[in-house]
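**Student:** The chain contents come next:
2 protein chains.
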Amino acid sequence: MGDDHMRVGVEAAAAATVNDHSSSVDHRKEVDIYPLSCYYFGSKEAIVFKDETLSDRINRMKSNYAAYGLRTSVEAVILVELFKHPHLLLLQVRNSIFKLPGGRLRPGESDVDGLRRKLSRKLSASEDGNETEWEVGECLGMWWRHDFETLLYPYLPPSVKKPKECIKLFLVRLPESRKFIVPKNLKLLAVPLTQIHENHKTYGPIISGVPQLLSKFSINIIDT
Amino acid sequence: MGDDHMRVGVEAAAAATVNDHSSSVDHRKEVDIYPLSCYYFGSKEAIVFKDETLSDRINRMKSNYAAYGLRTSVEAVILVELFKHPHLLLLQVRNSIFKLPGGRLRPGESDVDGLRRKLSRKLSASEDGNETEWEVGECLGMWWRHDFETLLYPYLPPSVKKPKECIKLFLVRLPESRKFIVPKNLKLLAVPLTQIHENHKTYGPIISGVPQLLSKFSINIIDT
Numbered sequence: 001m002g003d004d005h006m007r008v009g010v011e012a013a014a015a016a017t018v019n020d021h022s023s024s025v026d027h028r029k030e031v032d033i034y035p036l037s038c039y040y041f042g043s044k045e046a047i048v049f050k051d052e053t054l055s056d057r058i059n060r061m062k063s064n065y066a067a068y069g070l071r072t073s074v075e076a077v078i079l080v081e082l083f084k085h086p087h088l089l090l091l092q093v094r095n096s097i098f099k100l101p102g103g104r105l106r107p108g109e110s111d112v113d114g115l116r117r118k119l120s121r122k123l124s125a126s127e128d129g130n131e132t133e134w135e136v137g138e139c140l141g142m143w144w145r146h147d148f149e150t151l152l153y154p155y156l157p158p159s160v161k162k163p164k165e166c167i168k169l170f171l172v173r174l175p176e177s178r179k180f181i182v183p184k185n186l187k188l189l190a191v192p193l194t195q196i197h198e199n200h201k202t203y204g205p206i207i208s209g210v211p212q213l214l215s216k217f218s219i220n221i222i223d224t
Numbered sequence: 001m002g003d004d005h006m007r008v009g010v011e012a013a014a015a016a017t018v019n020d021h022s023s024s025v026d027h028r029k030e031v032d033i034y035p036l037s038c039y040y041f042g043s044k045e046a047i048v049f050k051d052e053t054l055s056d057r058i059n060r061m062k063s064n065y066a067a068y069g070l071r072t073s074v075e076a077v078i079l080v081e082l083f084k085h086p087h088l089l090l091l092q093v094r095n096s097i098f099k100l101p102g103g104r105l106r107p108g109e110s111d112v113d114g115l116r117r118k119l120s121r122k123l124s125a126s127e128d129g130n131e132t133e134w135e136v137g138e139c140l141g142m143w144w145r146h147d148f149e150t151l152l153y154p155y156l157p158p159s160v161k162k163p164k165e166c167i168k169l170f171l172v173r174l175p176e177s178r179k180f181i182v183p184k185n186l187k188l189l190a191v192p193l194t195q196i197h198e199n200h201k202t203y204g205p206i207i208s209g210v211p212q213l214l215s216k217f218s219i220n221i222i223d224t
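Chains as they are written, first to last, in the UniProt record's numbering: chain A, 1 to 224; chain B, 1 to 224.
By construction, these hints were calculated from the structure, which means they are not laboratory data. Even glycine gets a Cβ: it sits at the ideal position worked out from N, Cα and C. Careful: at least some of the hints might be erroneous.
[As the list claims (entries may be wrong)] Label pairs and their in silico Cβ distance ranges:
(1) B:I222 with A:L70: 44 to 50 Å
(2) B:M61 with A:V160: 42 to 48 Å
(3) A:K187 with B:T194: 50 to 56 Å
(4) B:E45 with A:T202: 46 to 52 Å
(5) B:P35 with A:T202: 39 to 45 Å
(6) B:D51 with A:F83: 38 to 44 Å
(7) B:R94 with A:P158: 31 to 37 Å
[Claimed, not checked] For the chain B half of the interface with chain A, some residues (derived, Cβ under 7 Å), not all of them:
(8) K84
(9) H85
(10) C139
(11) Y155
(12) P158
(13) G209
(14) P211
With the sequences and hints as input, model every part of the structure.
**Tutor:** Right under this line is the structure:
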């Protein structure tokens, strides 16, 4: 999976599978969501986080960039239904930071493989073997860090020849049931889209823009 | 074009045409943009706007809703290149309000037909006959007005059974050359995405979110 050509192939195959579920041309404009009560939630051993200052983090990004080039992260937009409204699954770290589930790709790893690996690590019981159960759908948006010390933007100006980080958001459709097993030091939350929209202060620019990125889809609440 | 089935047909046909231009599976993730200097800009007679107060407007929306139901507007996201950066075409009304080109559908009119008609009215020389020259692409997002007096949101809560207005944004790809003929009382502007992003105060929530909606596309600047 180490080259661009293969990556496109993998994504195309995933798209074909999605379309096979329905004869409708517009299938990919729809998202079926299931009640939160369809899912089981458990916990597993804590994940070790690097406890570091902002300047440590910048130094780590710099040395990683020197070694591997552009840092690419992939994050999942996963929806469930609660009170008849779509809720976004978010992970909360240390009662403060909210994150979409996902993380950094390994060098040469494809977006889809990397996102499946990260979702299994943060949301499933076993780290290996069940990664393909995550149905990674279309890319919803991309955010770029133009330089180590700057914020993320949803565009790349021509003056930025060597961006330092790219974060890609993918829609991940859930099946009708699933066990979520979350590391003890993370909290998995379901937050209504109404609360997230334009709420930069609490959720940051990427998460608070997710309701807009989803707005072109028709979201079907499935009664089970 | 008065029923849903036909509308889906028209959109599917448009999508097929777009895909025929290239054998790449990922074609629809790309947008080719051309320098502003490729285009000719002229003016034509002013369009008459309804000069009304906010309460006049709400009353007009109410009586239109009673007669025709949900008001649906379609708006175009059109890009050109300037200083090697993508610029969004906006119409400015009375030196203050910025708008995406587009407008309200007639009862029973399809999204694509209505957007072509509105683009011809606001951006082309003749009102009829050349409407099909607008290549209306994918829907990027939708905004809903839940009630006459409320703002627009990119989602529809379950409590809102009868939304009053829906605004749909479509990507419209320009050809390599085009004459834009704009009513005298409107100004056509090309605004860089960098200036629009999160600039709610100047551009409002819909336009200021457009850079995010475009972020999943790879934008190719075509040298001519």
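**Student:** Each of the hints needs a verdict: does it hold here or not?
**Tutor:** Tested hints:
1. B:I222 with A:L70: 44 to 50 Å: violated, 24 Å
2. B:M61 with A:V160: 42 to 48 Å: holds, 44 Å
3. A:K187 with B:T194: 50 to 56 Å: violated, 36 Å
4. B:E45 with A:T202: 46 to 52 Å: Between B:E45 and A:T202, where Cβ atoms are some 49 Å apart, the hint holds.
5. B:P35 with A:T202: 39 to 45 Å: The hinted range 39 to 45 Å holds for B:P35 and A:T202, with Cβ atoms some 41 Å apart.
6. B:D51 with A:F83: 38 to 44 Å: Cβ of B:D51 to Cβ of A:F83: about 43 Å, so the range 38 to 44 Å holds.
7. B:R94 with A:P158: 31 to 37 Å: With a Cβ separation near 33 Å, B:R94 and A:P158 satisfy 31 to 37 Å, so the hint holds.
8. K84: holds, 4 Å
9. H85: holds, 6 Å
10. C139: For B:C139, the interface hint holds, since the closest Cβ of chain A sits about 5 Å away, which is under 7 Å.
11. Y155: Since chain A brings a Cβ to about 5 Å from B:Y155, closer than 7 Å, the hint holds.
12. P158: holds, 4 Å
13. G209: Holds - the Cβ of B:G209 comes within 7 Å of chain A, reaching about 5 Å at its closest.
14. P211: holds, 5 Å
In the structure shown, a violation is registered for the earlier hints numbered 1 and 3, in ascending order.
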